[in-house]
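Fit chain B to the given chain A structure using the hints.
Now for the letters of each chain:
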Amino acid sequence: MLASRVFSLVGRRSISTSLCLRAHGHGVVKAEDYTLPAYVDRRDVPLPEVAFVRDLSAQQQALKEKEKASWSALSVDEKVELYRIKFNETYAEMNKGTNEWKTILGGVFFFLGFTGIILIWQKHFMYGPIPHTFSEEWLSAQTKRMLDMRVNPVEGISAQWDFDKNEWKK
Amino acid sequence: MANHSQLGFQDASSPIMEELIQFHDHALMVALAICSLVLYLLTLMLTEKLSSSTVDAQEIELVWTILPAMVLITLALPSLRILYMMDEINEPDLTLKAIGHQWYWTYEYTDFKDLTFDSYMIPTADLPLGHFRLLEVDHRVIVPTGSTVRVIVTADDVLHSWAVPSLGVKTDAIPGRLNQTSFFATRPGVYYGQCSEICGANHSFMPIVVESAPLPNFEHWSSSLSS
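Protein sequences, first through last, are from chains A and B. Here the numbering used here is used: the first residue of the first sequence is 442, the next is one more, and so on. Here the numbering used here is used: the first residue of the second sequence is 88, the next is one more, and so on.
In short, the hints are calculated from the structure, not lab data. A few of these clues could be false.
[Said to hold, decoys possible] The calculated DSS-like cross-link candidates involving lysine-lysine, where the alpha carbons are at most 25 Å apart (straight line), are: (1) LYS136/B to LYS543/A; (2) LYS611/A to LYS585/A; (3) LYS527/A to LYS543/A; (4) LYS537/A to LYS136/B; (5) LYS537/A to LYS520/A; (6) LYS505/A to LYS520/A.
The shape of chain A in the complex, shown without the other chains (with noise of 0.2 Å):
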C-alpha cells in the first residue's frame, strides 16, 4: 500500500518531469504558471498571449473553419462567438466602473457619525464645566482689554477696531 503510493508519487514527479525535460532540454524545476503565457484582459495590452478559450467545443471549431473563408459570410452572432472565443471580456465591460465607491462613502460617512456619537458622549457625561473666563462678560471685557493694550495692531484684532467711532470697522 505504501510502496503504490510511493511509486505513484514518483510516477507524477517523473512525469511532470519529463515534461519540463521536453520543453527546455535541461529540465531541473517544474515550469511556474506564470512563466507560460496567459490569458489577460488589460486596457494596456490589447492582444493576449492566447486565446481565451483553449478547448473548443465541435460548433465552436467547425466556427472556426468558417472563419477561415470570408467574413462577410458570417453573421453577426457568429462574429460576436469569434470574439468571445478570443477574448473574456469588451473594452466596455473591461473599463467598467463598479459601485465600490458608494461602499466606502458609506463606510466613511459611518465611521465620522461614530466619533460624532463618542464625542457627544464624551461632553455630556464627562467633562467637567468650562473655564469661567468664557462667560459673556468676561470675553467681552477681555476683548476690550485686548483692543486697550493695542494687541496685533497691524492686521489682526486692533486693526479691525474703529478707535474713532467706537465700533468694529465695517
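This is chain B only, laid out in the frame that chain A set:
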C-alpha cells in the same frame, strides 16, 4: 497674544519676525504651487488622460530632477538669509537673563545693578476680570522699546524653552548651558509667550510676558525695583 481660533502668526513686533512672516508667505506660495501641480496630475490620471505605457523617460526624468532642485534653491536662499540675519552682531543695549525652573521663570538684570525677580503665572481663580487665562504673570519682563536686548537663557532643573512668538524668539533653556538670543521690540506693547519645552506637570502654566515700554518708563521701573 492670539485670538481664540487664530491659525496664522501674531503681528510682528520685531524686524526678525517681520522677515519670518514674509518668508512663511513665500514658502506657502511654493507649497501651493506644488500642491496644485500634484492635484492637477492626479485629476489627469484619475480621468484616464495620462497613459502608463512609457518605456523611455529621459526627458521627464530630467525635468523632475531639475525642477525640484530649483524649488529647493528658491526656498533655501531666503531661509539662509534670515538665519544669518539672526546671528548678526548687533551690540545689545541691555542684557537679560532668563532662568527656567519648574514651574516659573527667574529674570536677572545685572548690567548696572542687581535686579532679580521670579515670574509666576497668575492662577485662573485669581485673575482680574478680562485678563488672559494661562497667560498673565505677576512680574513681567520690562524692556525698553527700540533697544536691542540680549537674552541669556538657561534652566535650573529640566529643559524649558523661552518663547515669545510676536518677537520671533524661541530659545531652549538647558541646565548647565547658556543660550543667547536677541530681539528688538519695534513698538511698545505687551507680548505673551509660553514655555515651549515639556518640563513636567505645569509645563503649560509657566508663561512669559514681555512688556516693551519707552526708555524713560523702563528706567523708572528698573530703578524703583532694584533700590
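> Hint numbers the structure violates, sorted upward?
Replying inline: 3
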